[in-house]
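Knowing the structure of chain B, use the given hints to seat chain C on it.
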Amino acid sequence: MPSIRASAEAAAAPAVLSLSGLTVTFDTPRGRITAARDVTLAVERGECLGVVGESGAGKSQVFLAVLGLLAANGRAQGSARFLGTELLKLAPAALDRVRGAGIGMVFQDPMTSLTPHLTVGGQIAEVIRRHRGVGRAAAHAAALTLLERVQVSDPERRMQQYPHELSGGLRQRVMIAIALSSEPQLLIADEPTTSLDVTVQAQILALLAELKRERAMGMVLITHDLGAVAGVADRVAVLREGCIVETGPVAAVLKTPRDPYTRTLLRDTPRLDADGAPPGAAAAPPGSPAALRLTDLTVRFNVGRGWFGPHARLTAVSAVSLELYAGESLGVVGESGAGKSTLVRAALQLLRPAAGRVVWMGQALADLPQGVLRALRRDLQIIFQDPLGSLDPRMTVGEIVGEPLRVHAPHLDRAARAAQLAAVLRRVGLTAELASRYPHELSGGQCQRVGIARATILKPRLLICDEPVSALDVPTQQQIVTLLAHLKRESDMCLLFVSHNLALVRQLCERVLVLYLGRMMELAPAHSLYTRPRHPYTRELLAAVPIPDPDIQPARLARARPGEPPSPLSPPSGCVYRTRCPHAAPVCAERIPEWEELPDTRRVACHRWRELP
Amino acid sequence: MLSYALRRIAGTVPTLLVIISVSFCVVRLAPGGPFAQEQALPPPVRANLERLYGLDEPLTVQYAHYLRGLLRGDFGPSLRQRDFTVSELIAQGLPLSATLGLAAILLAVLTGVPAGILAALWRNRAADYCITTLAAVALALPSFVTGPLFALLFGLYLRWLPVAGWQHGAPRYLVLPVLTLALPVAAYLARLTRASLLEVLAAHYVLSARARGLGAARVLWRHALRPALMPVVSYLGPAVAFVMTGSLVVETVFGLPGTGRYLVEGAIDRDYPLVMGMVVVYGALTLLLNLIADLIYGALDPGVRRE
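Respectively, the protein sequence lines represent chains B and C. Note that our numbering has the first sequence beginning at 1, numbered continuously upward. Note that our numbering has the second sequence beginning at 1001, numbered continuously upward.
The following block holds chain B by itself, in its conformation from the complex:
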């Protein structure tokens, strides 16, 4: 009898992970909060389950509960079986033999998920020694092999380095190496690419997809990005407010979603291949004067030792020229370190450029006396990346949004100020009662709306948005972009929109500037840039943007190109992009490419654009 049962179970092959009726609650001073309710799902061997939902949907908490890693006030009920073993009832010591051995975990933020004071090699070897019971030398060798497997270049040197010495992409590869170190049957990746550049995102996702095939392990990919799911997952579970609202094969869920919430998520995910052209060419007639003109703008920073040693000079922005016409919106894209934020800050004279001119409405900003420039700032406004961090925590929303009025329109009486405040809050979609709240009481999206309200209450003529949505959820991103498009249509302000998300830029901008390592690569009307990119770097960026379509995304991922930008402290000679360029020729190392104007008003800096297909 027992033997028959055992063989029957083997035939059924227990799922790598099966959750049934898993409920996660937290006891707080304000009562019990349910983070996940009655979650039932299974992950089979060799299968990747995508778990999607907005932040706060309980995605992470479900899997922290599986690993017994809930905060002290958290409680998990129901069942979580790993290869048939009930995890929720396991003693701590037994659980420690599952965590890191049977189940590997990759966390969202590689910046903060590695221990800062231990070397990378030490942290990998530590896990190997613990779970494989091998000696120091064997663990070191195994760690090297793992780093090679996750495509870390120069692994011997990386082993000796500390986490802060590595880029975000390298750190995430190290995290993956650690998670793989004892050949787990299940890999849980919690938002593994959220804080990375779009090119590095593609590389990491491609690596995960490869590893899944190669090792036939189960995988859980927790994300709010349907594009990531489309490239890697076999099945998808959609979580909303702690409950699974839809689950099924990836093609079915993304192509023919049944649940209205899944449809909302899909609708809010911007697509590079969406129907409908991006916004038309700039409204400004040719020959009209530019509202903002940057000429050969260069910004340098002194970095390194300040004591007696020499400073190293870092050129963050190198000879950037562009003009922005009234009512136009220009997107600035590029990976981190491209100088996007530095460029817009220098344009506002928040940073002092080392060379070059900024001319606003015919006036060179650097020549203006401080008082005049300060008065002019009512026309030049900026929104920052960190929605909460850019709001003073000790001021109410009303005080924050109304502050520009007190500075730039002191003649207004209290009633007039209140009226303007109410109007701008309405315009950005915030209710009037939020005026008495403090920033920490608001959601990320609401905070960013407050930032937009503060920047637009004076009806500026130029609004600079520096990565305004990269800290937000996909659906919230969409709402903010829609709001910005609406505000722009209402007035004739210019918009300078900095982002590393090309799919978002496509929705909002008429022209796009591509930056790499502080230099201009391509500047083109959005329509031609997206349909016919000239510069190889633009092509790489576009190829890396995930498309939430399981029919095409896996193949796009497989073509993801390796490489990250070199250090801006020692940029390559000639064309700075040549070290990553698939079309690099000898000439690219010798001369800096000229900024060529093409017939269709686009400009490109590449020696070889004519020869490219």
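None of these hints come from the bench; they were simulated from the model. Please note: incorrect hints may appear among the correct ones.
Residues of chain B placed beyond 12 Å of chain C at every Cβ, according to the derived structure [said to hold, decoys possible]:
hint, residue
1, L41
2, P92
3, A137
4, I188
5, R300
6, A354
7, D386
8, E399
Quick list of simulated restraints, FRET-style, between CB atoms [stated by the list, open to error]:
hint, chain 1, residue 1, chain 2, residue 2, range
9, C, A1195, B, P14, 42 to 50 Å
10, C, H1204, B, T34, 19 to 27 Å
11, B, R30, C, Y1129, 17 to 25 Å
12, B, R157, C, P1171, 26 to 34 Å
13, C, P1171, B, G389, 39 to 47 Å
14, C, C1130, B, E210, 19 to 27 Å
15, B, V407, C, H1204, 53 to 61 Å
16, C, H1204, B, D273, 32 to 40 Å
17, C, P1114, B, T34, 37 to 45 Å
18, C, A1005, B, P14, 58 to 66 Å
19, C, A1195, B, A585, 55 to 63 Å
20, C, Y1129, B, P249, 20 to 28 Å
21, C, H1204, B, L376, 40 to 48 Å
22, C, C1130, B, T34, 29 to 37 Å
Away from chain B, derived, C-beta distances all over 10 Å, residues of chain C [what the hints assert, rightly or not]:
hint, residue
23, V1145
24, P1162
25, V1175
26, L1248
Since this is a predicted model, take the numbers as computed values, not measurements. Here a beta-carbon is modelled for each residue, glycine too, at the ideal position from N, C-alpha and C.
Chain C alone, transformed into the frame defined by chain B:
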């Protein structure tokens, strides 16, 4: 590391010079002088005394003279303790004060830090409440209360230890002063360690280390403790200097001839060289210990070393 240390030591010289200059001015600006007593001295006597000690010279000349003396290691004569130079006074008192201070710090670290770690690990449980309450009480009680209480309890009632005196450093005599000095430091260290470790235990990298199945002891020992001790180290630098230069209260309560009283008595008596001597010793010690704390800091966190 060595060149970093040398650069830092070179950097302390200007700081020390600023400390000396500012205190020199402040001490002289205070009203009165070393010979202004209740019973005024006859003017010729006073003028003679002032000429003897060079106090009739312009301030700038006195300042230059003082700096020249310092370069030779000469702190000058004490104006009130006749026949003693300041160097002699400090040389007599400092070893005792420094011994007391170091022993107190050692005791405080050995009790306060583990207590803080235990409190953090048992957060919101009975042991945590006991430790945090005890620490709060110990911090709130001033030494002039705890000192006599210890003397009463251990000296008079239990008769375990002598009430006061020092017998040229016999260990039995140092136990109660050390205990009194260590108590508030240990309490503060416990609170600091607890808060800092709780913060680190909530960090992503600790969660990540736990998710690797490393086991609670290893996660604490290898991943959490080092960063958690960084605020402790930066507090200990100045604290050691403060405790080593002597405590007026503890030395008075237990009748110990340390240097703690010199700073206060010297200031009240306008004994300029004595005050200045103590300021220089205290300042140099603080700078040196801060430097050591920074070096330890660098060893704890590779990110600091890079800066």
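Here's how the hints hold up against the structure:
{"no.": "1", "hint": "L41", "verdict": "holds, 20 Å"}
{"no.": "2", "hint": "P92", "verdict": "violated, 7 Å"}
{"no.": "3", "hint": "A137", "verdict": "holds, 20 Å"}
{"no.": "4", "hint": "I188", "verdict": "violated, 9 Å"}
{"no.": "5", "hint": "R300", "verdict": "holds, 20 Å"}
{"no.": "6", "hint": "A354", "verdict": "holds, 24 Å"}
{"no.": "7", "hint": "D386", "verdict": "holds, 18 Å"}
{"no.": "8", "hint": "E399", "verdict": "holds, 30 Å"}
{"no.": "9", "hint": "C:A1195 / B:P14: 42 to 50 Å", "verdict": "holds, 45 Å"}
{"no.": "10", "hint": "C:H1204 / B:T34: 19 to 27 Å", "verdict": "holds, 24 Å"}
{"no.": "11", "hint": "B:R30 / C:Y1129: 17 to 25 Å", "verdict": "holds, 23 Å"}
{"no.": "12", "hint": "B:R157 / C:P1171: 26 to 34 Å", "verdict": "violated, 53 Å"}
{"no.": "13", "hint": "C:P1171 / B:G389: 39 to 47 Å", "verdict": "violated, 55 Å"}
{"no.": "14", "hint": "C:C1130 / B:E210: 19 to 27 Å", "verdict": "violated, 54 Å"}
{"no.": "15", "hint": "B:V407 / C:H1204: 53 to 61 Å", "verdict": "violated, 39 Å"}
{"no.": "16", "hint": "C:H1204 / B:D273: 32 to 40 Å", "verdict": "holds, 35 Å"}
{"no.": "17", "hint": "C:P1114 / B:T34: 37 to 45 Å", "verdict": "holds, 39 Å"}
{"no.": "18", "hint": "C:A1005 / B:P14: 58 to 66 Å", "verdict": "holds, 60 Å"}
{"no.": "19", "hint": "C:A1195 / B:A585: 55 to 63 Å", "verdict": "holds, 59 Å"}
{"no.": "20", "hint": "C:Y1129 / B:P249: 20 to 28 Å", "verdict": "violated, 54 Å"}
{"no.": "21", "hint": "C:H1204 / B:L376: 40 to 48 Å", "verdict": "holds, 43 Å"}
{"no.": "22", "hint": "C:C1130 / B:T34: 29 to 37 Å", "verdict": "holds, 34 Å"}
{"no.": "23", "hint": "V1145", "verdict": "holds, 36 Å"}
{"no.": "24", "hint": "P1162", "verdict": "holds, 46 Å"}
{"no.": "25", "hint": "V1175", "verdict": "holds, 37 Å"}
{"no.": "26", "hint": "L1248", "verdict": "holds, 38 Å"}
Violation of the numbered hints given earlier is confined to hints 2, 4, 12, 13, 14, 15 and 20; the remaining hints are satisfied by the structure.
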